[in-house]
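These protein sequence lines are chains S and F, in that order.
Start counting the first sequence at 6; every next residue gets the next number (my numbering).
Start counting the second sequence at 62; every next residue gets the next number (my numbering).
Note that these hints are calculated values from the structure, not bench results.
Possibly wrong hints are sitting among the right ones.
[Stated by the list, open to error] Residues of chain F clear of chain S, computed beta-carbon distances all greater than 12 angstroms:
#1 Glu123
#2 Glu185
#3 Thr225
#4 Leu231
#5 Arg232
#6 Asp237
#7 Lys238
#8 Leu264
#9 Arg282
#10 Ile286
#11 Gly289
#12 Ile295
#13 Phe307
#14 Ile312
[Unchecked claim] The list that follows gives simulated cross-link-like pairs (lysine-lysine, BS3-like), each with its CA atoms no further than 30 angstroms apart:
#15 S/Lys8 <-> F/Lys102
#16 F/Lys88 <-> F/Lys281
#17 F/Lys93 <-> S/Lys38
#18 S/Lys65 <-> F/Lys92
#19 F/Lys190 <-> F/Lys281
#20 S/Lys383 <-> S/Lys343
#21 F/Lys234 <-> F/Lys190
#22 F/Lys234 <-> S/Lys303
#23 F/Lys253 <-> S/Lys65
#24 F/Lys251 <-> S/Lys65
#25 S/Lys193 <-> S/Lys127
#26 S/Lys343 <-> S/Lys380
#27 F/Lys93 <-> S/Lys108
#28 F/Lys281 <-> F/Lys238
#29 S/Lys429 <-> S/Lys156
#30 S/Lys38 <-> S/Lys8
#31 S/Lys446 <-> S/Lys356
#32 S/Lys108 <-> S/Lys313
#33 S/Lys65 <-> F/Lys93
#34 F/Lys93 <-> S/Lys303
#35 S/Lys380 <-> S/Lys313
#36 S/Lys383 <-> S/Lys414
#37 F/Lys102 <-> S/Lys65
#38 S/Lys38 <-> S/Lys414
#39 S/Lys429 <-> S/Lys38
#40 S/Lys108 <-> F/Lys92
Only a predicted model underlies this, so the values are computations on that prediction, with no experimental measurement involved.
For every residue, glycine included, the Cβ atom is placed at its ideal position computed from N, Cα and C.
The primary structure of each chain is shown beneath.
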Amino acid sequence: MDKIISGWGNTQRINTTLWEEEISDYVEGISAKSNLGIRGCGRSYGDASLNTEGVISTTKLRNFIAFDSNTGVLTCEAGVTLREIVETFVPRGWFLPVTPGTKFVTVGGAIAANVHGKNHHKVGSFTEFVTEIVLLMSDGRLLTCSNSENKDLFNATCGGMGMTGLILRATFSLISIETRFIQQRVIKTRNFNETLECFKENACSTYSVAWVDCLASGESLGRSVVMLGEHARQRDLDTQKKSPLLREGKNQLNIPFYFPSGLLNRLTVGVFNRLYYFLQKEGVGIVDLEPYFYPLDKIHSWNRIYGKNGFFQYQFVLPMEESVAGMEEILATISASKTASFLSVLKLFGKDSKEKPMSFPTEGLTLALDFPNTKKVKCLLNQLDEIVHRYNGRIYLAKDARMSSNIFKKIYKNESQALVGIIKRYERTQTFQSLLSQRLKIR
Amino acid sequence: MSDMVTPDNGKVLIIGGNSDMARALSKVLAKKGFSLLLTSKRTDSLVSFSEDLSIRYDVDIELRSFDVTNEEQGNALLEVWGTQICAVVSFVGYMPNQGEIVENHEMSRMVNDTNYLCLSWWLEAWAEKLSENRGGVIVGLSSVAGDRGRKSNYYDGASKAALTAFMSGLRGKYSDKGVDVITVKPGFVKTKLTASLNLPRALTTSPENVANRIIVAIKKRHSVIYVGWYWRCIMMVIKALPESLFKRLSI
Chain S
6 MDKIISGWGN TQRINTTLWE EEISDYVEGI SAKSNLGIRG CGRSYGDASL NTEGVISTTK
66 LRNFIAFDSN TGVLTCEAGV TLREIVETFV PRGWFLPVTP GTKFVTVGGA IAANVHGKNH
126 HKVGSFTEFV TEIVLLMSDG RLLTCSNSEN KDLFNATCGG MGMTGLILRA TFSLISIETR
186 FIQQRVIKTR NFNETLECFK ENACSTYSVA WVDCLASGES LGRSVVMLGE HARQRDLDTQ
246 KKSPLLREGK NQLNIPFYFP SGLLNRLTVG VFNRLYYFLQ KEGVGIVDLE PYFYPLDKIH
306 SWNRIYGKNG FFQYQFVLPM EESVAGMEEI LATISASKTA SFLSVLKLFG KDSKEKPMSF
366 PTEGLTLALD FPNTKKVKCL LNQLDEIVHR YNGRIYLAKD ARMSSNIFKK IYKNESQALV
426 GIIKRYERTQ TFQSLLSQRL KIR
Chain F
62 MSDMVTPDNG KVLIIGGNSD MARALSKVLA KKGFSLLLTS KRTDSLVSFS EDLSIRYDVD
122 IELRSFDVTN EEQGNALLEV WGTQICAVVS FVGYMPNQGE IVENHEMSRM VNDTNYLCLS
182 WWLEAWAEKL SENRGGVIVG LSSVAGDRGR KSNYYDGASK AALTAFMSGL RGKYSDKGVD
242 VITVKPGFVK TKLTASLNLP RALTTSPENV ANRIIVAIKK RHSVIYVGWY WRCIMMVIKA
302 LPESLFKRLS I
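Could you build all of it, start to finish, from the sequences and the hints given here?
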């Protein structure tokens, strides 16, 4: 079926043939195709799920296959969403071990982007909990990949952005929870150094994330609202909560149309930031896991707030040793450019598996920024690319929509060569491609 | 749901489980907490479906092969599961191209056996079983095609007409024995069976809607339902037409 699709940032729309079939049809028909993208929920911000020649959609691969209620090990098809997993298993006392900031992501997408959450500093990325992946290769072979079987392909697929094959199913572990609530602690910091100190002092906190006011300058550069979290035990709750695992109320808002472009600008964002920073109350409280982990999911199609031109999300990580100087330079550059990032989220990354070549996280600090799609912003981001590279940092492909192949090859030189080497070991033809892989010239 | 049909009272037996309408009803029932005994002539395409439902809604789904023309299979089901069922819903329907059936006696026998004759054995037997235990409901999928024989569809229509009449009698027999008998008459439904037909959109409903209407009918203890409701009016008009006129219509 011909469809117009885009990434979540809406900066590029393409008309392509979307293939929405069952597993058996893909297995039978894949060898006839030569150039295909793969798309789950299409929540990557750029062009990772776009291909003008054709795109395989995993929307019909929605079955749960097996669940062990003693160990929490789940096997499911790759199109199952994290939302379905949360809705099905939280009431039974199980939660995702690692979750990104939206539930509207497929299991396949979570693996291909090797998503991380607010707890990377403690447990790593999503694929740390994945024990097996079944891949459909371009010639119709089904390959089981794990730490003991086709291990290099397993590692390349984790964060491989759909270039290694079509993930059909995966096995991974859920974690056991007593209640669906999070004991949250909010701390306000006055500048970037204080924010960093706060992260370090609370490194043993299960979850931590900081909302950063990127428009604050001078002494307030990098002032933040830090939100720490722990899974609430039954004893932490009021006795009034009789069903600690069941959800009360499900109001969903919707943005039914595109807002005018330019609505989010330095003035409006500046006002919002000031209000947000001052209105946040410090202290401890109990919140449901939905607003804690998925604050924007309540607003369906929130990306329309940026208007039809869309927006870029720019996420990078800087190694710990370089992070202070690097972040200060980046924040100062953004501030000087007079562009406004509507949402700036800072997280601490712990050690990540070095065996997965394309895995984005590395021990250090990661900042994710939202910018409207303008010429000025594109210039700024090119500048930021150079700064990130200078500080030995990396840029997250799941968010990228505009990085040049030049800077990509500098940042991911060894890793992309390793990825290509592994793919060539298993594939004779170059079937799985996207506008991302073509733009970055990954091959 | 009516008092007799609750997850605590027993499982729901689905016959002809492979159809789109059966799958839609299975999903709704599993979501309500019902364990299912899902049966179909061929079960291989139901394996991943039933496993998913079982995990998703934390209910037991037993999958069994059951061809209504196979007496051994039918009797085995009654023997093994007889006391564990509180509702039986049949979606059985064999509808080959009418052109192929004419002069093919084997095929027309199959249509009759599948859609009415053999099915009637099991509907009666299960009604009896339910009345011996805790009561329950028997739901049978007939069709508006059974309301009047049309020249474009009278073999299937005849089998559905027989089923409708049979279920009417069954309803009467068990009305004071704690077993409700519900006849469901869908009009046009968008399913894999009708995928190649050009059905008028305004008169075509979805398998999910049929499933929801069945749930309401069980809850409210209806006898005969049409899906969509407007088919009751359409068929009233069709049935009222004098034969001298009707025989000349190209419908």
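Tested hints:
Against chain S, the non-interface label of F/Glu123 holds: every CB pair exceeds 12 angstroms, the least being about 17 angstroms. The beta carbon of F/Glu185 is kept farther than 12 angstroms from every beta carbon of chain S, the shortest such distance being approximately 36 angstroms. Against the 12 angstroms criterion, F/Thr225 stays outside the reach of chain S, whose nearest CB is about 35 angstroms from its own CB. Every CB of chain S is more than 12 angstroms from the CB of F/Leu231 (nearest about 37 angstroms), matching its label as outside the interface.
Every C-beta of chain S lies more than 12 angstroms from that of F/Arg232, the closest at about 38 angstroms, which supports listing it as non-interface. In this structure F/Asp237 is separated from chain S by more than 12 angstroms, as the shortest Cβ-Cβ distance comes to about 41 angstroms. Once the 12 angstroms rule is applied to beta carbons, F/Lys238 is consistent with being away from chain S; the minimum gap is 39 angstroms. No beta-carbon of chain S is positioned within 12 angstroms of the beta-carbon of F/Leu264; the least distance is around 25 angstroms.
Separation of F/Arg282 from chain S is adequate, the least Cβ-Cβ distance of about 31 angstroms exceeding the 12 angstroms criterion. Distance check for F/Ile286 against chain S: the nearest CB is about 30 angstroms away, which clears 12 angstroms, and the non-interface claim stands. F/Gly289, annotated as away from the interface, keeps every beta carbon of chain S farther than 12 angstroms; the closest lies near 27 angstroms. Every Cβ of chain S is farther than 12 angstroms from the Cβ of F/Ile295; the closest lies at roughly 33 angstroms, confirming the non-interface assignment.
Separation of F/Phe307 from chain S is adequate, the least Cβ-Cβ distance of about 41 angstroms exceeding the 12 angstroms criterion. Residue-level check passed: F/Ile312 sits 33 angstroms from the nearest beta carbon of chain S, beyond 12 angstroms. In summary, the hint linking S/Lys8 to F/Lys102 is not supported, as the alpha carbons are separated by about 37 angstroms, beyond the 30 angstroms threshold. Using a Cα cut-off of 30 angstroms, the hinted pair F/Lys88 and F/Lys281 holds, with the two alpha carbons roughly 20 angstroms apart.
This hinted pair does not check out: F/Lys93 and S/Lys38 have alpha carbons roughly 42 angstroms apart, beyond 30 angstroms. Between S/Lys65 and F/Lys92 the CA atoms are separated by roughly 19 angstroms; this keeps the pair inside 30 angstroms, and the hint holds. A threshold of 30 angstroms between alpha carbons decides the hint, and for F/Lys190 with F/Lys281 the separation of about 22 angstroms falls inside it, so the pair holds. For the hint linking S/Lys383 to S/Lys343, the alpha-carbon distance of about 13 angstroms falls within 30 angstroms, and the restraint holds.
For the hint linking F/Lys234 to F/Lys190, the alpha-carbon distance of about 14 angstroms falls within 30 angstroms, and the restraint holds. Between the alpha carbons of F/Lys234 and S/Lys303 the distance comes to roughly 53 angstroms, so the proposed pair goes past 30 angstroms and is violated. Distance check on the hinted pair: F/Lys253 and S/Lys65 sit about 16 angstroms apart at the alpha-carbon level, within 30 angstroms; holds. With a CA separation close to 18 angstroms, the supplied pair F/Lys251 and S/Lys65 stays within the 30 angstroms bound.
Only pairs whose Cα atoms come within 30 angstroms are accepted, and S/Lys193 paired with S/Lys127 is accepted, the gap being roughly 22 angstroms. Using a Cα cut-off of 30 angstroms, the hinted pair S/Lys343 and S/Lys380 holds, with the two alpha carbons roughly 13 angstroms apart. Distance hint between F/Lys93 and S/Lys108 is fulfilled; the C-alpha atoms sit about 24 angstroms from each other, no more than 30 angstroms. With a C-alpha separation of about 17 angstroms, the suggested pair F/Lys281 and F/Lys238 falls inside the 30 angstroms cut-off, and the hint holds.
Distance check on the hinted pair: S/Lys429 and S/Lys156 sit about 15 angstroms apart at the alpha-carbon level, within 30 angstroms; holds. The suggested pairing of S/Lys38 with S/Lys8 holds, with an alpha-carbon distance near 18 angstroms, which does not exceed 30 angstroms. Restraint check: the Cα-Cα separation between S/Lys446 and S/Lys356 comes to about 28 angstroms, which is no more than 30 angstroms; the hinted pair holds. Using a Cα cut-off of 30 angstroms, the hinted pair S/Lys108 and S/Lys313 holds, with the two alpha carbons roughly 24 angstroms apart.
Using a Cα cut-off of 30 angstroms, the hinted pair S/Lys65 and F/Lys93 holds, with the two alpha carbons roughly 23 angstroms apart. For the proposed pair F/Lys93 and S/Lys303, the alpha carbon gap of about 26 angstroms is at most 30 angstroms, so the pair holds. Between S/Lys380 and S/Lys313, the direct Cα distance comes to roughly 15 angstroms. Compliance with the 30 angstroms bound is thereby established for this hinted pair. Using a Cα cut-off of 30 angstroms, the hinted pair S/Lys383 and S/Lys414 holds, with the two alpha carbons roughly 19 angstroms apart.
In summary, the hint linking F/Lys102 to S/Lys65 is supported, as the alpha carbons are separated by about 24 angstroms, within the 30 angstroms threshold. Proposed proximity of S/Lys38 and S/Lys414 is supported: the alpha carbons are some 28 angstroms apart, at most 30 angstroms. This hinted pair checks out: S/Lys429 and S/Lys38 have alpha carbons roughly 17 angstroms apart, not beyond 30 angstroms. A hinted pair counts as satisfied when its Cα atoms are at most 30 angstroms apart, and S/Lys108 with F/Lys92 qualifies at roughly 21 angstroms.
Hints 15, 17 and 22, counting from the list given before, are not met by this structure.
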